[in-house]
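Protein sequences, first through last, are from chains Y and L.
The opening position of the first sequence corresponds to residue 1 in our numbering, with each subsequent residue numbered one higher.
The opening position of the second sequence corresponds to residue 258 in our numbering, with each subsequent residue numbered one higher.
Rather than coming from a laboratory, the hints here were simulated on the basis of the structure.
Check each hint, because a few of them may be wrong.
[Unchecked claim] Mimicking DSS-like on lysine-lysine, the simulated pairs with C-alpha atoms at most 30 Å apart in a straight line are:
1. L/K559 - Y/K123
2. L/K375 - Y/K123
3. Y/K185 - L/K422
4. Y/K75 - L/K535
5. L/K264 - Y/K123
6. Y/K156 - L/K535
7. L/K479 - Y/K156
8. L/K542 - Y/K151
9. L/K422 - L/K288
10. L/K291 - L/K542
11. L/K479 - Y/K123
12. Y/K121 - L/K288
13. L/K265 - L/K286
14. L/K355 - L/K500
15. L/K559 - Y/K121
16. L/K287 - Y/K121
17. Y/K75 - L/K335
18. Y/K123 - L/K535
19. Y/K123 - L/K291
20. Y/K121 - L/K332
21. L/K288 - L/K500
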Amino acid sequence: MENTYNPMELMITVAARTLEDGAMVVVGTGVPVAAAMLAQMTQSPNLTIMFEAGGIAPLLPTMPISVGDSRTTHKGLKATSMAEIMELCQAGVVDYCFLGGAQIDKYGNLNSTLIGDDYNKPKTRFPGSGGANDLASLCWRTMVVTPQNPKRFANKVDFITTPGFLDGGTSRVEAGLPAETGPYKVITDIGVYGYHVDSKAMMLLSLHPGKTIDDVKANAEFDIIIPDIYDTTQEPSDEELKILREKVDPAGVIIGR
Amino acid sequence: MSNAPLKKGIGELFMSPDADEMRGFLRNKKKQMKSKLTSISDAVDAYINDNDYLAIGGFGGVRIPTALIHEIIRKEKKNLGFAGHVSTHDCQLLSAGKSFNRCDAAYIVGLEARGLSKNSRRMFESGNVQVTEWSNGALSWRFKAAAMGLPYLPSRVMLGTDTFKHSAAIEVECPFTNQKLAALPALHPDVAVIHVHRADVYGNCQIDGILVADDDIAKASKRVIITTEKIISNEEIRREPSKTVIPYWCVDAVIEMPFGSYPGNMPGEYFSDEEHLKDWLVAEKDEMQLEEFIGHHILSSKDFYEYLEKNGGMNKMKQLMQAEHLY
Chain Y
1 MENTYNPMEL MITVAARTLE DGAMVVVGTG VPVAAAMLAQ MTQSPNLTIM FEAGGIAPLL
61 PTMPISVGDS RTTHKGLKAT SMAEIMELCQ AGVVDYCFLG GAQIDKYGNL NSTLIGDDYN
121 KPKTRFPGSG GANDLASLCW RTMVVTPQNP KRFANKVDFI TTPGFLDGGT SRVEAGLPAE
181 TGPYKVITDI GVYGYHVDSK AMMLLSLHPG KTIDDVKANA EFDIIIPDIY DTTQEPSDEE
241 LKILREKVDP AGVIIGR
Chain L
258 MSNAPLKKGI GELFMSPDAD EMRGFLRNKK KQMKSKLTSI SDAVDAYIND NDYLAIGGFG
318 GVRIPTALIH EIIRKEKKNL GFAGHVSTHD CQLLSAGKSF NRCDAAYIVG LEARGLSKNS
378 RRMFESGNVQ VTEWSNGALS WRFKAAAMGL PYLPSRVMLG TDTFKHSAAI EVECPFTNQK
438 LAALPALHPD VAVIHVHRAD VYGNCQIDGI LVADDDIAKA SKRVIITTEK IISNEEIRRE
498 PSKTVIPYWC VDAVIEMPFG SYPGNMPGEY FSDEEHLKDW LVAEKDEMQL EEFIGHHILS
558 SKDFYEYLEK NGGMNKMKQL MQAEHLY
């Protein structure tokens with residue numbers, strides 16, 4: 001197979017590689033579930049995939065369209081309540097959650113509630129937290145997969161729906177959120193980002209092939225820390241692309257093929 | 258814990274979390290095991306009033322009581338409050354009926370991977386709806402607190418965010434560990450509407466697949482209306498008591514409503530009708546077009562069977578049953 005791929009396929013592949021065998025992950029529909037399925041079909045057969053509506057460890061036959069539809073319990077190990085899923089997260093059992101959002105700031109705070117400055121009469125109303133606030137408050141590591149542009153990578157999000165590192169530094173723990181939790185990685189169509197160990201500000205970890213530091217800077221309102229040493233993202237392998245296209249998303253709903 | 262003062266959300270608390278008030282109500286609620294079989298129309302007349310606070314079971318487009326919500330729209334119930342606990346197609350319906358003026362919002366105006374509802378957005382962007390913000394977990398636990406007979410449950414969500422700021426939660430300090438926690442007030446809806454797989458005439462209910470929050474919602478609510486795919490005998494309920502997720506004493510009305518979750522998914526029975534849900538999203542782009550769409554599908558249908566017929570009837574239901582089982 002010719003190793004050409006689109007940005008969506010690269011993002012899903014990179015996200016899949018972060019999920020190690022034996023981990024537990026709560027995912028949403030779209031890119032997150034595609035990444036979890038790909039991980040399960042490659043390096044992590046024992047990945048436990050969970051859905052906030054109550055599905056635990058399904059053998060997903062196709063990608064779900066809702067985090068509560070019947071696919072999320074297909075040949076699953078347990079069908080439970082939303083409360084129990086969040087209680088498992090609160091108890092510290094769950095390693096990863098995977099989120100998106102309309103806006104993200106340099107501390108990984110996410111907005112999926114509204115655009116505008118009047119809460120009572122928003123310019124644009126979005127769904128709100130859903131389970132995102134719970135998952136990002138409680139799971140050990142929060143992963144965000146999102147296309148990168150200056151509107152999304154905002155200096156200040158209009159509404160902090162879901163906590164990242166709040167004001168950076170130690171502010172997340174001071175707010176009362178469980179210690180050692182928080183944003184872990186952001187995967188975009190330009191690169192992969194982590195967070196500075198002390199300031200908790202977003203930092204480049206690896207640049208996708210063909211992308212430049214100028215692309216990183218031009219597509220964020222805030223300054224992303226560029227360390228002296230960063231990686232080049234490893235391209236998807238033929239094997240990964242084959243599984244992604246033939247088994248994970250044969251209809252091309254997410255990868256657009 | 259730092260010395261910063263404990264914070265309080267500025268959102269409106271729509272329902273009293275008072276556990277004693279609910280204890281008094283439940284003490285006096287009639288608990289005879291008698292048949293509660295009724296019709297959709299009679300149930301809405303008897304148990305849903307203007308200004309009531311409503312909780313809807315299921316998960317937006319999964320195991321939702323569509324038939325009952327259509328009747329709420331046909332009967333023009335107004336000024337309802339509702340719990341937006343993953344409210345997708347149900348939010349779309351209540352917005353189409355302009356049925357509410359306040360909402361505890363955890364997930365509203367969207368249809369997950371399908372996109373956003375233009376009309377629900379118009380409703381929430383109008384400034385005419387009072388909104389208090391929550392997360393899904395927070396709303397689940399608010400129902401759980403109510404089901405447990407407690408005025409609140411402590412939790413570790415929403416802290417530090419604008420979601421907390423616009424909620425009605427209050428920060429508290431754990432008396433044992435000094436940990437800062439978010440106290441979530443119990444939520445006692447006036448009326449809950451829940452669609453289940455099987456129920457007997459007394460309201461003992463079985464649900465296949467995910468529960469979402471419906472066991473707690475049934476216990477938390479003052480009145481409960483059940484629509485069920487199928488009525489089964491009390492003997493069948495007694496054969497497997499571990500399957501009873503909602504017990505009869507919670508329930509006020511039972512209606513047999515096959516395909517009652519259509520166009521939503523009913524786990525193990527039929528998949529969602531994605532074409533029809535797409536038609537909804539398209540119709541919502543234009544207010545005139547939406548009016549016509551609702552007129553055709555809901556207002557001019559005398560009951561839910563007519564709506565099912567308009568959307569392909571048994572032939573379509575058969576297709577959705579096959580889709581559910583991946584044929």
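Comparing the hints with the structure gives:
1. Under the criterion of a C-alpha separation no larger than 30 Å, the hint pairing L/K559 with Y/K123 is inconsistent with the structure, at around 38 Å.
2. A C-alpha spacing of about 13 Å is found between L/K375 and Y/K123, which places the hinted pair at or below 30 Å, so the restraint holds.
3. Our distance criterion of 30 Å between C-alpha atoms is met by Y/K185 and L/K422, whose separation comes to about 26 Å.
4. Among the hinted pairs, Y/K75 with L/K535 is consistent with the structure: their alpha-carbon atoms are about 28 Å apart, no more than 30 Å.
5. Between L/K264 and Y/K123 the alpha-carbon distance is near 27 Å, which keeps this suggested pair within the 30 Å criterion.
6. With a CA separation close to 34 Å, the supplied pair Y/K156 and L/K535 exceeds the 30 Å bound.
7. Between L/K479 and Y/K156 the alpha-carbon distance is near 43 Å, which puts this suggested pair outside the 30 Å criterion.
8. With a C-alpha separation of about 24 Å, the suggested pairing of L/K542 with Y/K151 holds against the 30 Å cut-off.
9. At roughly 40 Å between alpha-carbon atoms, L/K422 and L/K288 are farther apart than 30 Å, so this suggested pair is violated.
10. Straight-line distance between C-alpha atoms of L/K291 and L/K542 comes to about 47 Å, which puts the hinted pair past the 30 Å bound.
11. Restraint check for L/K479 and Y/K123: not satisfied, since their Cα atoms lie roughly 36 Å apart, outside the 30 Å limit.
12. Distance restraint check for Y/K121 and L/K288: the Cα-Cα separation of roughly 45 Å exceeds the 30 Å cut-off, and the hinted pair is therefore not satisfied.
13. With a C-alpha separation of about 34 Å, the suggested pair L/K265 and L/K286 falls outside the 30 Å cut-off, and the hint is violated.
14. As the CA atoms of L/K355 and L/K500 are separated by approximately 37 Å, the hinted pair breaks the 30 Å bound.
15. The straight-line distance between the Cα atoms of L/K559 and Y/K121 is roughly 37 Å, outside the 30 Å bound, and the hint therefore fails.
16. Only pairs whose Cα atoms come within 30 Å are accepted, and L/K287 paired with Y/K121 is rejected, the gap being roughly 43 Å.
17. Proposed proximity of Y/K75 and L/K335 is contradicted: the alpha carbons are some 42 Å apart, above 30 Å.
18. Taking the CA atoms of Y/K123 and L/K535, the gap is near 24 Å; set against the 30 Å cutoff, the hint holds.
19. Using a Cα cut-off of 30 Å, the hinted pair Y/K123 and L/K291 is violated, with the two alpha carbons roughly 51 Å apart.
20. For the hint linking Y/K121 to L/K332, the alpha-carbon distance of about 29 Å falls within 30 Å, and the restraint holds.
21. The hinted pair formed by L/K288 and L/K500 meets the criterion: a straight-line CA distance of about 20 Å does not exceed 30 Å.
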